[in-house]
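Enquirer: So the protein sequences, as listed, match chains A and B.
Residue numbers for the first sequence follow the numbering used here, beginning at 1 and rising by one.
Residue numbers for the second sequence follow the numbering used here, beginning at 1 and rising by one.
Check the hints yourself; a few may be wrong.
Some residues of chain B that are not near chain A, with every Cβ distance over 10 Å (derived) [as the list claims (entries may be wrong)]:
1. Ala35
2. Gly46
3. Gly71
4. Leu73
5. Ala81
6. Tyr83
7. Asp88
8. Arg111
9. Pro135
10. Pro224
11. Asp232
12. Thr234
13. Glu235
14. Glu240
15. Phe242
Distance windows between CB atoms, simulated [what the hints assert, rightly or not]:
16. Asp197(B) <-> Ser162(A): 34 to 44 Å
17. Leu85(A) <-> Glu199(B): 42 to 52 Å
18. Gly76(B) <-> Arg243(A): 37 to 47 Å
19. Gly28(B) <-> Ala89(A): 38 to 48 Å
20. Arg19(B) <-> Glu242(A): 58 to 68 Å
21. Ser50(B) <-> Leu13(A): 33 to 43 Å
22. Ser162(A) <-> Ala63(B): 24 to 34 Å
23. Ser8(A) <-> Ser50(B): 50 to 60 Å
24. Arg117(B) <-> Ser162(A): 52 to 62 Å
25. Phe137(A) <-> Glu222(B): 26 to 36 Å
26. Ala123(B) <-> Ala12(A): 39 to 49 Å
27. Phe11(A) <-> Ala123(B): 31 to 41 Å
28. Pro110(A) <-> Ser50(B): 50 to 60 Å
By construction, these hints were calculated from the structure, which means they are not laboratory data.
All C-beta atoms in this analysis are idealised placements derived from N, C-alpha and C, irrespective of residue type, glycine included.
What follows is the residue order along each chain.
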Amino acid sequence: MARFKVRSLQFALLLTVLLGWELSVRLGWVDAFFFSRPSDIAARIYEWFVSGEVYRHLWITLLETVLAFLSGTLAGVALGLWLALSPTAAAVLDPFLKALNSVPRVILAPIFTLWFGLGIASKVALGFTLVFFVAFFNTYQGIREVSPVILANARMLGASGSQLLRHVYLPSATSWILSSLRTSVGFAVIGAVVGEYLGASAGLGYVISQAEGVFDTTSVFAGIVVLAVFVVLLDVAVNLVERRLLVWRPEPGQEGGTV
Amino acid sequence: MQDCEKTTPAVELRGVTQRFGDYTAVQGVNLVLTAGEFVAVVGPTGCGKSTLLNVIAGLRPPAAGEVRVFGRLLTGLNRRAGYLFQQDALLPWKTALENAALGLTFAGVPRAEAYERAAAWLAKVGLAGFGDRYPHQLSGGMRKRVALAQVLIMDPKILLMDEPFSALDVQTRQLMENELLRLWEEDQKSVLFVTHDLEEAIALADRVVVMSAGPASRPIGEFPVPLERPRDVTEVRLTEEFLGVHREIWSLLREEVMRAHGQV
Ligand SMILES: Nc1ncnc2c1ncn2[C@@H]1O[C@H](COP(=O)(O)OP(=O)(O)O)[C@@H](O)[C@H]1O
Ligand SMILES: [Mg+2]
Numbered sequence: 001m002a003r004f005k006v007r008s009l010q011f012a013l014l015l016t017v018l019l020g021w022e023l024s025v026r027l028g029w030v031d032a033f034f035f036s037r038p039s040d041i042a043a044r045i046y047e048w049f050v051s052g053e054v055y056r057h058l059w060i061t062l063l064e065t066v067l068a069f070l071s072g073t074l075a076g077v078a079l080g081l082w083l084a085l086s087p088t089a090a091a092v093l094d095p096f097l098k099a100l101n102s103v104p105r106v107i108l109a110p111i112f113t114l115w116f117g118l119g120i121a122s123k124v125a126l127g128f129t130l131v132f133f134v135a136f137f138n139t140y141q142g143i144r145e146v147s148p149v150i151l152a153n154a155r156m157l158g159a160s161g162s163q164l165l166r167h168v169y170l171p172s173a174t175s176w177i178l179s180s181l182r183t184s185v186g187f188a189v190i191g192a193v194v195g196e197y198l199g200a201s202a203g204l205g206y207v208i209s210q211a212e213g214v215f216d217t218t219s220v221f222a223g224i225v226v227l228a229v230f231v232v233l234l235d236v237a238v239n240l241v242e243r244r245l246l247v248w249r250p251e252p253g254q255e256g257g258t259v
Numbered sequence: 001m002q003d004c005e006k007t008t009p010a011v012e013l014r015g016v017t018q019r020f021g022d023y024t025a026v027q028g029v030n031l032v033l034t035a036g037e038f039v040a041v042v043g044p045t046g047c048g049k050s051t052l053l054n055v056i057a058g059l060r061p062p063a064a065g066e067v068r069v070f071g072r073l074l075t076g077l078n079r080r081a082g083y084l085f086q087q088d089a090l091l092p093w094k095t096a097l098e099n100a101a102l103g104l105t106f107a108g109v110p111r112a113e114a115y116e117r118a119a120a121w122l123a124k125v126g127l128a129g130f131g132d133r134y135p136h137q138l139s140g141g142m143r144k145r146v147a148l149a150q151v152l153i154m155d156p157k158i159l160l161m162d163e164p165f166s167a168l169d170v171q172t173r174q175l176m177e178n179e180l181l182r183l184w185e186e187d188q189k190s191v192l193f194v195t196h197d198l199e200e201a202i203a204l205a206d207r208v209v210v211m212s213a214g215p216a217s218r219p220i221g222e223f224p225v226p227l228e229r230p231r232d233v234t235e236v237r238l239t240e241e242f243l244g245v246h247r248e249i250w251s252l253l254r255e256e257v258m259r260a261h262g263q264v
């Protein structure tokens with residue numbers, strides 16, 4: 001019942017904002033040239049999907065996102081594992097990693113376009129630089145934070161080095177990596193869209209940037225709405241994966257008893 | 001060889017000292033655990049009981065002195081010992097069954113056989129039917145039972161137990177104590193049982209060792225417990241002999257507990 005109430009309120013809020021927007025434009029309080037109109041935006045989105053021209057862009061953005069996410073996560077986990085288990089390497093590389101991570105990624109976009117061209121590769125590279133550090137820091141942290149008692153217990157039970165990695169270190173890091181999945185996916189999208197925005201021939205970022213170029217605010221807003229829905233759907237997918245892989249974790253507030 | 005194992009102590013500490021930086025936790029500890037014996041170590045909190053067990057387990061080599069296990073100088077991990085830790089040590093991402101089978105898995109026992117034996121051990125500690133629960137779905141007492149099964153399934157000759165039942169309520173605790181005695185009597189392992197609860201120590205052990213308050217803690221008294229076996233830990237507490245031993249040991253332990261408090 002409470003859930004239904006929340007949903008109704010959310011719906012009412014959305015409706016109020018959209019109606020207010022629509023009316024403000026229709027009554028001439030704000031200029032349609034700058035703000036467009038919800039009804040026009042809806043019509044534009046409908047057009048895109050009926051004509052089918054938006055699918056190509058969605059597909060490109062999705063592909064870039066997935067590739068950036070997978071490559072960044074894989075590389076980040078590998079480096080995280082290595083550094084967490086090799087303190088010397090960690091000490092040596094620490095300042096470099098911090099310096100690299102502090103570079104605002106947008107600055108890299110033109111260079112990547114120069115190196116990898118206007119196609120998918122430069123966007124994947126941009127997303128990679130974002131996802132990589134999230135995966136790296138979480139893996140590193142996850143492995144460093146393995147409880148010493150759990151580790152000692154596994155060793156007393158006869159675990160070899162590789163068994164410790166497989167049964168203790170990796171599962172521990174996995175929970176960290178998975179809980180950062182949402183951030184990673186978000187970053188992968190940002191990498192793809194910002195890359196497209198700054199120079200591409202396809203993708204949602206490209207659509208928005210083209211529309212801005214001709215002051216077509218309706219298409220700009222339509223692009224933003226499609227992008228937002230796209231991210232929400234990815235988020236739902238991530239949620240499902242996370243739930244499946246973390247069955248062993250207590251729900252917040254549902255800790256085991258003490259008796 | 002067999003005879004030799006019977007007469008040489010399971011564990012022997014000679015002049016063991018352990019430091020953490022400048023802090024000397026235990027100093028010059030001599031201690032013998034005879035094969036098949038159940039020894040309890042009591043002492044005020046923070047005196048170095050866990051530190052000693054870690055040394056015997058080989059998790060942290062002593063700063064000075066030596067540890068002998070069945071006569072052999074200990075280097076590296078103690079492969080003859082099972083260790084029941086004071087804190088939760090189960091893998092949270094494995095079920096009770098997988099946790100109980102962990103040591104067998106590490107030893108390369110085929111999965112089907114490992115799980116079958118683990119299920120049998122879970123039943124033995126009263127957890128039949130709980131095999132597919134994750135640790136967070138179990139109560140503290142149940143988690144301790146899984147940990148006990150996890151250690152005992154490896155059939156260690158030496159059992160190191162660090163305040164294993166201190167977090168449990170009185171009923172569960174006495175249940176587990178009786179269970180432990182039953183399991184121990186089945187195949188006479190050598191048990192070193194650490195606790196800060198003197199009553200528990202007397203109820204369980206053949207011999208009680210009292211540690212002084214830290215720093216530089218060491219054993220300052222050893223008391224045989226002349227109580228009949230098999231025992232029921234609840235009933236044995238009501239006997240005259242129990243109270244006699246308790247009075248005797250407490251007069252010594254009391255001072256140390258007071259000293260430990262005075263230093264805080
Ligand atoms: N890893 C450690 N680093 C520094 N000090 C420690 C460490 N482990 C134990 N100590 C200190 O050594 C003393 C003995 O600790 P411990 O063996 O855990 O006591 P007990 O188990 O008897 O309560 C304590 O004063 C504790 O603070
Ligand atoms: Mg302790």
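Enquirer: For Pro135(B), which was marked as not at the interface, is the minimum beta-carbon distance to chain A over 10 Å?
Expert: violated (7 Å)
Enquirer: Would you say the C-beta atoms of Gly76(B) and Arg243(A) sit inside 37 to 47 Å of each other?
Expert: 42 Å Cβ-Cβ, so the 37 to 47 Å window holds.
Enquirer: The output says Gly46(B) does not contact chain A. Does that hold with a beta carbon cutoff of 10 Å?
Expert: holds (17 Å)
Enquirer: Verify this label for me: Gly71(B) is non-interface relative to chain A, using a Cβ-Cβ cutoff of 10 Å.
Expert: Nearest chain A Cβ is 21 Å from Gly71(B), so the label holds.
Enquirer: Taking 50 to 60 Å as the hint, is the beta-carbon distance of Pro110(A) and Ser50(B) inside that range?
Expert: Holds, at about 59 Å.
Enquirer: Quick one: work out the minimum CB distance from Asp232(B) to chain A and report holds if it exceeds 10 Å, violated otherwise.
Expert: holds (22 Å)
Enquirer: Return holds or violated for the Cβ distance of Ser8(A) and Ser50(B) against the range 50 to 60 Å.
Expert: holds (57 Å)
Enquirer: Please verify that the nearest CB of chain A lies beyond 10 Å from Glu240(B)'s CB.
Expert: Its Cβ never comes within 10 Å of chain A, the nearest being 33 Å, so this holds.
Enquirer: Mind checking the hinted window 58 to 68 Å against the Cβ distance between Arg19(B) and Glu242(A)?
Expert: violated (45 Å)
Enquirer: At 10 Å, judged by beta carbons, does Tyr83(B) keep clear of chain A as stated?
Expert: It is violated; Tyr83(B) is separated from chain A by about 5 Å at its closest Cβ, not greater than 10 Å.
Enquirer: Please confirm whether Ala35(B) is truly not at the interface, meaning its C-beta sits more than 10 Å away from all C-beta atoms of chain A.
Expert: It holds; Ala35(B) is separated from chain A by about 20 Å at its closest Cβ, greater than 10 Å.
Enquirer: Taking the shortest Cβ-to-Cβ distance between Leu73(B) and chain A, state whether it exceeds 10 Å.
Expert: holds (19 Å)
Violated hints, in rising order: 5, 6, 7, 9, 20, 21, 24, 25, 26, 27; the structure is consistent with all others.
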